[in-house]
Each structure stands twice: as structure tokens, then as C-alpha cells.
Amino acid sequence: DTAVSQTPKYLVTQMGNDKSIKCEQNLGHDTMYWYKQDSKKFLKIMFSYNNKELIINETVPNRFSPKSPDKAHLNLHINSLELGDSAVYFCASRQTGTGGSGANVLTFGAGSRLTVL
Amino acid sequence: AQKITQTQPGMFVQEKEAVTLDCTYDTSDPSYGLFWYKQPSSGEMIFLIYQGSYDQQNATEGRYSLNFQKARKSANLVISASQLGDSAMYFCAMREGVKGSTLGRLYFGRGTQLTVWP
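The listed protein sequences derive, respectively, from chains A and B. Using the numbering used here, the first residue of the first sequence is number 205, and each one after it goes up by one. Using the numbering used here, the first residue of the second sequence is number -17, and each one after it goes up by one.
Bound conformation, chain B alone (with noise of 0.2 Å):
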């Protein structure tokens, strides 16, 4: 089973509106992270935003804020106020254990282009 769903290959938003990009999440152990990364034309990986499983509040970072639904295992990324710049792959992470774990792999989705116009 894929520990980490992207049901959306690509999504199209106009600029300065919002827009919500899915991710659903399968794991069986009670402590975990979730990241989003994003992923330019120019190829790196640029961190966003992070959950953690007991995170009472929902994740916020300046125009990224993370819509997390622990019941329904979703970690949706909402952009709010799209810029063109905003255009790029989006990937949903995550890691199970314990946050100091050695073994911590991160799990990636397939990633969802969003592209944004003007």
C-alpha cells in the first residue's frame, strides 16, 4: 500500500487565489510527520511546511498553511494568494517513529504540478 497519495498529477490556479492540494497518508504508528516540499523548474527541493501527529493546531508558514485531518489521515497544502513563482511540483511527505528517529526515511507522493496564471 502506498504510504503517502497524490490523487491530483496536476492543478491549475489563477493568480492570487487560493488553491488546496491533496494528500492522504497510511500509517499504522501513532507518532509521525508530514512535509511538504516544493519542487521548481529548477529542480531543487525547497521545504514548506511541517505537522507533526500530535500537533493540536494546524501547520502555518506565511501563505502555506496545512489543512491536517487526522481522523480522515489528510494533510492537504493550502496556498493562499497564488503567485506566478508559486508554479512548481508539489510533493507531500511522510515519516513514521519518533522525531529523533535514526531510521526516519521520508515517504514521498507522486507530487502534484500545480501551475499557476496569471
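One chain only, chain A, in its complex shape (with noise of 0.2 Å):
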């Protein structure tokens, strides 16, 4: 069973579209995030939920809107999409909370690479 998966795996589109990405971890953690990797391989945060409550919005265009039904997904909406805006997005997940000597460890998706033409 896959722990963070991601939908689509790809994506190519016309620049001005909307395009949806979605993501499901079946971990139980309780917090997700979206980031962005661009061509130059750097990773940046983007969003992260808590319990459904969005508790990082990084400068990010107003054109992205994430939502979060349920604390098991985290959805990532791009509306009039840029040309800028081709990278791999990557979905992630943790579990919070100092109990136990885990690392709590950022679970990653594999990976949704948007291609805008």
C-alpha cells in the first residue's frame, strides 16, 4: 500500500488553465504540505495543514489554493497557469507530537510533475 500517493504522476497543459493535484496519505499523520521542486532540483515548501487547519502559506501566488477535507488529504488547485509554474510538486505527510524518539519524519509522494505550454 502506497503511504502518500499523488494524482496525477503527470500533467501537461496550456498555459491559463486550471489544473487540480491530489493527495492521500493513509500514515494517520496529521499534518500535510506541499512542495515545490524546480529544475534546478531546489525543494521549497509551499502549504502545510494541520488537522485540516492550514498553519504554513509561504509566498506562494494567490493562484494556488490548497484544501484540506480531511486531515488523510490534502488537494493542490493552480488556477491560469504560468509557464513558471512547470516543476514536480511533491505531497508529504508527519505525524506531530514529542512522544517516542522518532524523528518525525516527512513521508514523501512520488511526485506530480506539471509541464505548462
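Hints were generated in silico from the structure; no laboratory data involved. Bear in mind that the values here come from a model prediction, so they are computed numbers and not experimental data. Ideal Cβ positions, reconstructed from N, Cα and C, are used throughout, including at glycine. It cannot be assumed that every hint is accurate.
Stated by the list, open to error - Each computed DSS-like pair below joins lysine-lysine, with the alpha-carbon atoms no more than 30 Å apart:
#1 A:Lys244 <-> B:Lys55
#2 A:Lys271 <-> A:Lys245
#3 A:Lys275 <-> A:Lys223
#4 A:Lys275 <-> A:Lys226
#5 A:Lys271 <-> A:Lys256
#6 A:Lys248 <-> A:Lys226
#7 A:Lys256 <-> A:Lys213
#8 A:Lys244 <-> A:Lys226
#9 A:Lys223 <-> A:Lys248
#10 A:Lys248 <-> B:Lys52
#11 A:Lys244 <-> B:Lys52
#12 A:Lys240 <-> A:Lys223
#13 A:Lys240 <-> B:Lys55
#14 A:Lys271 <-> A:Lys240
#15 A:Lys275 <-> A:Lys245
#16 A:Lys226 <-> A:Lys256
#17 A:Lys245 <-> B:Lys52
#18 A:Lys248 <-> B:Lys(-2)
#19 B:Lys(-15) <-> A:Lys244
#20 B:Lys(-15) <-> B:Lys55
#21 A:Lys240 <-> A:Lys213
#22 A:Lys213 <-> B:Lys52
#23 A:Lys256 <-> B:Lys(-15)
#24 A:Lys226 <-> A:Lys271
#25 A:Lys271 <-> B:Lys(-15)
#26 A:Lys245 <-> A:Lys226
#27 B:Lys(-15) <-> A:Lys240
#28 A:Lys245 <-> B:Lys(-15)
#29 A:Lys245 <-> B:Lys(-2)
#30 B:Lys(-15) <-> B:Lys52
#31 B:Lys(-2) <-> B:Lys55
#32 A:Lys213 <-> A:Lys245
#33 A:Lys245 <-> B:Lys55
#34 B:Lys(-2) <-> B:Lys52
As the list claims (entries may be wrong) - Here are the computed distance ranges between Cβ atoms for each label pair:
#35 A:Asp274 <-> B:Gln51: 41 to 51 Å
#36 B:Gly67 <-> A:Thr211: 23 to 33 Å
#37 A:Gly220 <-> B:Thr42: 19 to 29 Å
Both chains come to you apart, so use the hints to assemble them.
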């Protein structure tokens, strides 16, 4: 069973279109994230939700809107796509809390490669 | 200032040899965690190893070990007995604040592309 699953894996679309990427985790984690990896492989956080509440909102154009219907799902909707939005978008999740000796490791999905033409 | 610096864009190592990938970090928070991830050409991000700022011993996971030098703010990854399958991009990352913090975002370095040759 895939721990963090994203769909679609590949997305090719025209400038100006609206698209969504879906993410689901079955790890029981309470916090989910969207990261963007640019063409130079740099990973940067975009958003984070904890129990459906937005807790991190980096400087991202408001064309990007995350939605978390429940703590196992975090979707990313992008309006009016631009060429510069082409990237790989990673969903990730982790469990917060201080119990145990775990590192609260961030578990990533396989990534969704968005290409805007 | 960059939170995580990886100064080696690319590294080459022969199979079965050991290799060290450098990582330095910048934080004034006494509580933080350091992570290494591997990204093969297939694109997924694979967690390798974790070191907490209060951990007394260097972390080890199989062939991976983390050379943690707190005073120098470095957290180098050592891969022993390299294998062809180790060829990938390696990212160092840091999370500040207590382990359970909900605001504990992960800051990534720019990565080191490791190539293992036969």
C-alpha cells in the first residue's frame, strides 16, 4: 500500500488552464505539506495543513489554493497556469507530537510533474 | 542566509569505496533535526537518516552514517561501500524547533548529485 499517493503523476497543460493535484496519505499523520521542486532540483515548501487547518502559507501566488477536506487528504488547485509553474510538486506528511524517539520524518509522495506549454 | 548549504554539486566515487557528502547548516535554535534524503532518477524522495541536535552519538543506518559536528554546524553523510544503486541526488535538510512542532518546516539544501562508477 502506498503511504502517500499523488495523482496525477504527469500533467501537461496549456497556459491559462486550471488544474488540480490530489494527495492522500494512509499513515494516520496529522500534518500534510506541498513542496515545489524547480528545474534546478531546489525544494521549497508551499503549504502545510495540520488537522485540516492551514498552518504554513509561504509566499506563493494566490493562483495556488490548497484544500484539505480531512487530515488524510490535501489537494492543490492551480488557476491560470503560467510557464513558470512547470515543476514537480511533492505532497508529504508527518506526525507531529513529542512522544517516542522518532524523528517525525517527512514521508513524500512520488511527485507530480506539471508541464505548462 | 541559507539554512542548509551543500557545496558539492556533484561527486564521483568508485563502487565499493566510501564517500562523504558535505552539509552545513545555520540556526540559532538549540533544538533542531537534521535529515538526509535520496532522490534517484525516478524522482521519489527517500528518507535515509536523521540526527537530532541533542543526540550524543552520530546516527547510523546500515551503510549510511551521519558525521555530526555540532560546533562546526556540519552534518555530513557518509556512505560506505558504495553501490551502483547509490547514484542519485542527495539532499540535506533541517527542521528547527521541538520535534513535535507543527510549524517545523523542512529547509532543504540544493543537493549533491552522486555518481557511482564500476
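Okay, the hints, checked on the actual structure:
no., hint, result
1, A:Lys244 <-> B:Lys55, "holds (25 Å)"
2, A:Lys271 <-> A:Lys245, "holds (25 Å)"
3, A:Lys275 <-> A:Lys223, "holds (22 Å)"
4, A:Lys275 <-> A:Lys226, "holds (13 Å)"
5, A:Lys271 <-> A:Lys256, "holds (8 Å)"
6, A:Lys248 <-> A:Lys226, "holds (18 Å)"
7, A:Lys256 <-> A:Lys213, "holds (24 Å)"
8, A:Lys244 <-> A:Lys226, "holds (24 Å)"
9, A:Lys223 <-> A:Lys248, "holds (20 Å)"
10, A:Lys248 <-> B:Lys52, "holds (25 Å)"
11, A:Lys244 <-> B:Lys52, "holds (29 Å)"
12, A:Lys240 <-> A:Lys223, "holds (15 Å)"
13, A:Lys240 <-> B:Lys55, "holds (26 Å)"
14, A:Lys271 <-> A:Lys240, "holds (16 Å)"
15, A:Lys275 <-> A:Lys245, "holds (28 Å)"
16, A:Lys226 <-> A:Lys256, "holds (15 Å)"
17, A:Lys245 <-> B:Lys52, "holds (27 Å)"
18, A:Lys248 <-> B:Lys(-2), "violated (33 Å)"
19, B:Lys(-15) <-> A:Lys244, "holds (18 Å)"
20, B:Lys(-15) <-> B:Lys55, "holds (11 Å)"
21, A:Lys240 <-> A:Lys213, "holds (14 Å)"
22, A:Lys213 <-> B:Lys52, "violated (39 Å)"
23, A:Lys256 <-> B:Lys(-15), "holds (28 Å)"
24, A:Lys226 <-> A:Lys271, "holds (9 Å)"
25, A:Lys271 <-> B:Lys(-15), "holds (29 Å)"
26, A:Lys245 <-> A:Lys226, "holds (21 Å)"
27, B:Lys(-15) <-> A:Lys240, "holds (17 Å)"
28, A:Lys245 <-> B:Lys(-15), "holds (16 Å)"
29, A:Lys245 <-> B:Lys(-2), "holds (27 Å)"
30, B:Lys(-15) <-> B:Lys52, "holds (15 Å)"
31, B:Lys(-2) <-> B:Lys55, "holds (28 Å)"
32, A:Lys213 <-> A:Lys245, "holds (17 Å)"
33, A:Lys245 <-> B:Lys55, "holds (24 Å)"
34, B:Lys(-2) <-> B:Lys52, "holds (29 Å)"
35, A:Asp274 <-> B:Gln51: 41 to 51 Å, "holds (43 Å)"
36, B:Gly67 <-> A:Thr211: 23 to 33 Å, "holds (27 Å)"
37, A:Gly220 <-> B:Thr42: 19 to 29 Å, "violated (51 Å)"
Hint compliance for this structure: hints 18, 22, 37 are not met, and every other hint is.
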